[in-house]
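Please put together the full structure from these sequences, using the hints given.
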Amino acid sequence: MDENTLDGNAIGGLLDEVFGADMTMAVSTCGSCGAVSVVAELAVYRPGLGTVVRCRSCDSVLMVFVSLHGATCTDLMGLASLS
Amino acid sequence: MAGTAVRGRLTWQTATVGRVTRETASAVTLSLSVPDWPGHRAGQHVDIRLTADDGYQAERAYSIASAPGEPLAITVERLDDGEVSPYLTEEARPGDQLEVRGPIGGYFVWEAETGGPLLLAAGGSGVVPLRAILRYRSLVGSSVPVRLLYSSRSWEDVIYSSELDMPEYGVEVIHTLTRSQPPKWHGYARRVDQKMLTEVAWPAADRPLAYVCGPTSFVESVAAGLVGLGYPAGKVKTERFGATGQ
Amino acid sequence: MSPVSRGFHRKREAAPADRVPPGQYVTRDFPVLSAGPTPHTALDRWSFSITGGREPKSWTWDEFRALPTEKLTTDIHCVTRWSKLDTTWQGVSLDVLLAAVEYESRYALAFSDGGYTTNMPVADLLGGKAWVAFNYEGAPLGAEHGGPARLLVPHLYFWKSAKWVRGLRLRDTDEPGFWENYGYHIYGDPWREQRYAGD
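Each protein sequence line maps, in turn, to chains A, B and C. Under this note's numbering, the first sequence has 97 at position 57, and the numbering climbs by one with no breaks. Under this note's numbering, the second sequence has 163 at position 154, and the numbering climbs by one with no breaks. Under this note's numbering, the third sequence has 1208 at position 42, and the numbering climbs by one with no breaks.
Calculated from the structure, these hints are not laboratory results. Glycine included, C-beta positions come from ideal geometry on N, C-alpha and C. What you were told as hints is all true, and nothing was included just to trick you.
One side of the interface only, derived from the structure: several residues of chain A facing chain C at Cβ under 7 Å: (1) Asp42; (2) Pro87; (3) Gly88; (4) Val106; (5) Leu108.
Below, in silico cross-link-like pairs of lysine to aspartate or glutamate (DMTMM-like), each with a Cα-Cα straight-line distance of 25 Å or less: (6) C:Lys1237 <-> C:Asp1195; (7) C:Lys1177 <-> B:Glu92; (8) C:Lys1177 <-> B:Asp89; (9) B:Lys193 <-> B:Asp174; (10) C:Lys1177 <-> A:Glu43; (11) C:Lys1295 <-> C:Asp1241; (12) C:Lys1237 <-> C:Glu1310; (13) B:Lys244 <-> A:Asp42; (14) C:Lys1250 <-> C:Asp1290; (15) C:Lys1250 <-> A:Asp42; (16) B:Lys244 <-> A:Glu43; (17) B:Lys244 <-> A:Asp99; (18) C:Lys1177 <-> B:Asp90; (19) C:Lys1295 <-> C:Glu1268; (20) B:Lys204 <-> A:Glu43; (21) C:Lys1237 <-> C:Asp1252; (22) C:Lys1250 <-> B:Asp63; (23) C:Lys1177 <-> B:Glu68; (24) C:Lys1250 <-> B:Asp89; (25) C:Lys1295 <-> C:Asp1195; (26) C:Lys1250 <-> B:Glu92; (27) C:Lys1295 <-> C:Glu1310; (28) C:Lys1177 <-> B:Glu100; (29) C:Lys1250 <-> A:Glu43; (30) C:Lys1177 <-> B:Glu99; (31) C:Lys1177 <-> B:Asp63; (32) B:Lys244 <-> B:Asp215; (33) C:Lys1295 <-> C:Glu1229; (34) C:Lys1177 <-> B:Asp62; (35) C:Lys1177 <-> C:Glu1310; (36) C:Lys1295 <-> C:Glu1359; (37) C:Lys1223 <-> C:Asp1340; (38) C:Lys1250 <-> B:Asp90; (39) B:Lys193 <-> B:Glu172; (40) C:Lys1250 <-> C:Asp1195.
Right under this line is the structure:
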């Protein structure tokens, strides 16, 4: 298991910036395997180029955030739902 | 007494460093003065942003060490290959300015109404948000029983040691020192394992609530261990700090 | 305008200016930066394949390790602004691997265990510019740094040096890989500071 892996808590500020609200309690459904999780418990990778949020059950990419030229590019296509 | 975080978009605010308290050789508590601080809940964190004079910026998240109602404070542990923590723990002085965004997070928080008994498990600097929970519990006069299992490398690495040495009624603090122990140490002297959890954790039948915080490997191992003891996964809250050289 | 935090500055090592591309700083660290969990593919299941040529070509680990190898010392430059000088590697040159395939395509998409992809022109893989590297600093490449083998294309930003590489798909168009899709530069020359699309 990877020591550097974080969880959704670590990106609470980023998510608030993107969604305008605290999303750590939001419930996500993985578009690949259907696993349901609180965002705070999702696996988060921050390699510096961007933030990649993955399903803990199947490792599929759920969300990607990349900051470029002062704007944040957001990709939520791996999610079946986020509420 | 519980702080109510103002809902709505978080923004970066300028914070001025107040008191700097050295907790251990590598950990420092900074009190921060933020003009429009909305208050916070026990367990939340803030994002801190530093700006160099060439415009370079670095941002990190730090758990809030103070209870709701107390002045904002963070406790930072110095990472040897870090960029922000060496500055905060060795350079920052009263009057210095940095930026704060927060409070952040509604998941890893505890309010007295949530109840217990509480099992708090801390690996190294993971003790910070758990200490905020303990201070808050004391301030509101809660009688929820708490056990804090706190893993550190040595006694010198224990943050808040004198405060934790005088726990409130209903709070038990169980240390484990994984690398070295003082003479005549009778406590645990190894990494948290299933046997230790069995001895320390509330039985699942007590319907406890667990908060586990620290390096990722510590959190994963302890959370799995608690689930192995019968704790429902939904009753084990986790906050991973990544690799912290523990 | 953010207030300046007195006394704060980026960590940096001193280095000759002609070794450091614009906007970079030199470090002695080797940060582990990953977009996903570290894969652990057993060597007896590992293969490197090149598809998109006249016929697909694939090597098992043993076949791959039987190929001629090179040792090299090179500087690496990450788009997150750190550069590490004089890193030493051992690997199989892409000149050797691509010589085993008949192809006409001008572009390649490198793909890795875990789903990571990155693209580059085939020309940037030829002429002694790229390797599939399996040793770093004289020892087998650690999993956290891309072992058992990673792509090594040091003249481009290091996100192009795909960790856990398993092959190349040769293509007629320069199809963007994982980070390129999110706005990182399609080519990525550190000396022209091509970090983002449009740079």
